[in-house]
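For reference, the chains in residue letters:
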Amino acid sequence: MFEEMATARYYEERLQEEYLEGKQPAFDISAGPIPGELHLAAGQEAAAAGVCRHLRDDDTVTAPHRPHHVAIAKGVDLKRMTAEIFGRESGLSSGKGGHMHLFDPDAGFACSGIIAQGCPPAVGAGLAAKKRNEDSVAVAFLGEGAISQGAFLESLNLAAVQQLPVVFVIEDNDWAISMPKERVTDVADGSRRAGGFDMPGVRVDYDDATAVYDAAKEAVGRARAGNGPTLLEVQVHRRMGHFMGDPESYRPDEDVAAAEQRDSIERLADDLRSEGVEDDELEAIREEARERVDEAIEWAKEQPEPDPDAAYEDVFVNPPSGVTAQEPDHELAGGDD
Amino acid sequence: MSEQEQRAVERELTMSRAMVEAVAHEMREDEEVFYMGEDVADYGGIFDSTEGLLEEFGRDRIMDVPISETAYLGAAVGAAQEGMRPIAELMFVDFFGVAMDQIYNQMAKNTYMSGGAVNVPMVLTAAVGGTYNDAAQHSQTLYGTFAHLPGMKVVVPSTAYDAKGLMHNAIRDDDPVVYLFHKRLMGIGWMPAPDGPKTPVPEEEYTIPFGSADVKREGEDATVVTLGLHVHRALEAADALAEDGIDAEVIDLRTLVPLDTETIHESVAKTGRLVVVDEDYQSYGVTGEIIASVAEDGLADLEAVERVAVPDVPLPYARPMENEVVPDSEDIESAVRSAHDA
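Just so you know, the sequences run in chain order A and B. The first sequence begins at 1 in our numbering and counts up by one. The second sequence begins at 1 in our numbering and counts up by one.
Treat the hints with care, as some may be off.
Cβ-Cβ distance ranges computed for the label pairs, FRET-style [as the list claims (entries may be wrong)]:
1. A:P105 x B:G78: 38 to 48 Å
2. A:E288 x B:R59: 23 to 33 Å
3. B:S283 x A:D57: 38 to 48 Å
4. B:E32 x A:A225: 51 to 61 Å
5. B:V9 x A:P25: 31 to 41 Å
6. B:G78 x A:E254: 31 to 41 Å
7. A:K301 x B:E32: 53 to 63 Å
8. A:R14 x B:G189: 24 to 34 Å
9. A:A26 x B:G115: 50 to 60 Å
10. B:P194 x A:G150: 29 to 39 Å
11. A:R14 x B:P194: 27 to 37 Å
12. A:Q163 x B:Y284: 35 to 45 Å
No wet-lab data here; the hints were simulated from the structure. Even glycine gets a Cβ: it sits at the ideal position worked out from N, Cα and C.
Model the full assembly from the supplied sequences, consistent with the hints where possible.
Structure, rendered in C-alpha cells:
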C-alpha cells in the first residue's frame with residue numbers, strides 16, 4: 001500500500017508542476033502542456049490503496065473525475081495513462097478521453113467525468129460476474145458529493161436486491177467543489193445510506209490505510225463469496241483544490257491546514273516503522289516511486305500528438321458502410337484555435 | 001447599425017457581469033425570483049454566473065444545492081408551477097442527462113399537457129461549449145436538443161449587451177426558458193474570452209424580445225447564420241473575406257426558440273448564399289433546421305448552401321483533434337468561399 005500511495009502522491013505533485021507550466025503568470029485553462037481541467041487526488045490515497053490491495057486484475061473498478069490514485073492502485077499502465085493525460089497518441093484512449101475519461105480494460109479500470117455515473121456500470125460488472133458464476137467483484141469509487149445523486153442511490157438498491165458482488169467506496173474529502181458536506185446532506189456518516197437498502201455500511205473515520213485495508217478486506221470478501229454488496233465510506237482530504245486553478249476562496253484556512261496536517265502516507269509510514277520497517281526501506285520505496293513516475297512523464301511527453309483526422313475514428317467499432325464519421329464536404333482547417 | 005451601437009454607452013461589462021446584473025435587478029424587483037444550483041453561492045458560479053449575488057441576497061435566495069439535478073431542477077418546476085420564478089443552473093449543459101426527465105417531460109410539457117391550466121415560469125441556465133480541451137463530457141453545446149423538444153424557449157447570447165437584455169426577458173417570461181451561455185464568452189479570469197463579447201451595457205434594465213435575430217454585419221455576397229461563440233468566429237472570418245472582396249452578412253440568432261426566420265430569409269433573398277455555423281453536432285440539428293426553413297420558403301433564392309458544425313463525433317480531448325472538429329474562423333471562411341464560388 002505504501003508504494004501505491006507514495007507513487008500516487010508524487011504523481012499528483014509532478015502533474016501539478018507540469019500542468020501549471022505554461023499557465024504563468026496568467027492562468028489560462030487552454031494553455032500549457034496538459035490540456036483541459038485537472039482534478040488531483042493528493043490526500044485521498046489511502047482509500048484507493050486500502051481497497052484495491054484486495055482486488056485482482058479481473059475485478060472491475062470505476063472511478064469518478066478524480067481518478068489517478070485509484071488507477072494507480074488498480075494497476076493501470078502508468079505510461080499510457082500519463083500519455084493520455086498529456087493528450088498524446090500513445091495514451092490509453094489515443095488522446096480522445098483525457099484525464100477524466102481513462103479506460104484500461106486490461107487492468108479492469110474505467111472512469112467517468114459525470115458525478116456518480118460510474119456506479120451503474122460497476123453494478124453491471126457485478127451482474128456479469130454473478131450471471132457467469134465468476135468470483136470477480138466490482139468496486140465503484142465516488143466522492144461524498146455524489147451520495148445525493150440518483151444514480152448512486154439507484155445503484156445501491158439494484159446491487160442489494162440482486163445481491164451483486166459490488167463494493168461502493170465513498171471518498172469523503174468534505175467538499176463538493178465549494179459545498180461542505182454538512183450543507184448538502186443531513187447524514188454526516190455517508191455509510192448510513194446503506195441502511196436504507198439493508199446492506200452493510202462501514203465508515204473509516206480517519207484516512208488510515210490500515211483501517212481501510214481491514215474494512216475493505218471484509219467488504220471485498222463478502223462480495224467475492226456471493227454475499228452481496230457493501231457501502232464503505234473513508235474520510236480523506238483534498239489537498240490541491242477541486243481543480244487546478246480553483247481559488248478555494250470559499251474554504252476556511254484552518255480546513256486547508258488540517259488537510260495538510262493529516263497525511264495518510266506519513267501515518268502509514270509511522271505504522272510501518274512501529275512494526276520494524278527501517279527508514280531507508282521506506283525511502284527506497286519512495287525513490288522507486290519517484291523514478292517510475294518521472295519515467296512515465298518523460299515518456300509521455302516524448303510521444304507524438306494525435307493526427308487531427310484521428311478525431312473521426314472510434315465513434316463505432318463497426319462504422320456503417322466503412323464511413324467513420326460525417327466529414328464536411330469543404331476542407332476543415334485544423335490549426336490553432 | 002446594430003441595436004447595440006444605437007444604445008451605446010460608455011460602460012463595458014463582461015458577459016457574466018451583464019447576466020448577473022439582470023438577475024440581481026429582477027431579484028430586487030420580485031421576491032419570487034430565486035437562484036438554485038451547485039456552487040452558485042460561496043463560489044459565485046464556476047463560470048461567474050452568480051458572482052456577488054450571495055452577499056446581496058443571502059442563502060435563502062441564492063441556494064447551493066446537493067448534486068441532485070433531478071431533485072433541484074424538478075423542484076424548480078414545482079416552485080414555478082406554484083407561481084414563483086426560479087432560476088436553476090445546470091453547471092455544464094452536458095449534465096442534463098442525469099435530470100432530463102424533469103427537463104423535457106415535466107418542465108417542457110406540463111403547460112401543454114394541462115391544456116394551459118399550468119405554466120412553468122422558470123429559467124434553466126447552463127454553461128455550454130468547448131475550445132479548452134475538456135473532452136467529451138464537458139464540452140458540448142447541445143443547442144439543438146433543447147430546441148428540438150417542444151415546450152422550451154432557447155436563448156443563446158453572444159455578447160454582454162444581449163446577455164443582459166435576454167436574461168431580463170427570460171426571467172419575466174411565463175414559459176420555461178433554457179438560457180445557454182458559452183463559457184468562452186463569459187470573461188472568466190482563467191478562460192480568456194475573445195474580443196467581442198465584452199460590450200457597452202446600459203445600467204438600466206432593458207429587454208431583448210425573443211425571436212429577434214441581430215444582423216451583426218451587413219453584406220451582399222453571402223449570409224452566415226450562427227450563434228454563441230461562433231458569432232465572433234464568423235465576424236473574424238468576414239473580416240478576412242472582406243480583404244478578398246467577399247462581403248459576408250453575419251446573423252446572430254440570439255434565440256433558437258422562437259427562431260427569427262424572417263431575418264434569415266430576407267438576408268438570403270439578398271445574398272443567395274447561405275452558410276450556417278454551429279458548435280453543436282451536425283446531423284439532425286440547428287444547421288439542418290435553418291437550411292430546411294429557408295428551402296421551404298425561399299428555395300428560389302437559394303444558390304448555394306454550406307454548413308459548418310461539429311462532425312458527428314463526441315468532442316475529443318487532445319488539442320489537435322478538438323481543433324479539427326470545432327469550427328474555427330478558417331473553417332467558416334472556407335465554407336463561405338465554397339458557397340461564393342458555387
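Consistency of the hints with the structure:
no., hint, in the structure
1, A:P105 x B:G78: 38 to 48 Å, "43 Å, holds"
2, A:E288 x B:R59: 23 to 33 Å, "49 Å, violated"
3, B:S283 x A:D57: 38 to 48 Å, "40 Å, holds"
4, B:E32 x A:A225: 51 to 61 Å, "56 Å, holds"
5, B:V9 x A:P25: 31 to 41 Å, "32 Å, holds"
6, B:G78 x A:E254: 31 to 41 Å, "39 Å, holds"
7, A:K301 x B:E32: 53 to 63 Å, "55 Å, holds"
8, A:R14 x B:G189: 24 to 34 Å, "25 Å, holds"
9, A:A26 x B:G115: 50 to 60 Å, "55 Å, holds"
10, B:P194 x A:G150: 29 to 39 Å, "38 Å, holds"
11, A:R14 x B:P194: 27 to 37 Å, "33 Å, holds"
12, A:Q163 x B:Y284: 35 to 45 Å, "42 Å, holds"
Violated hint for the displayed structure: number 2, the only one.
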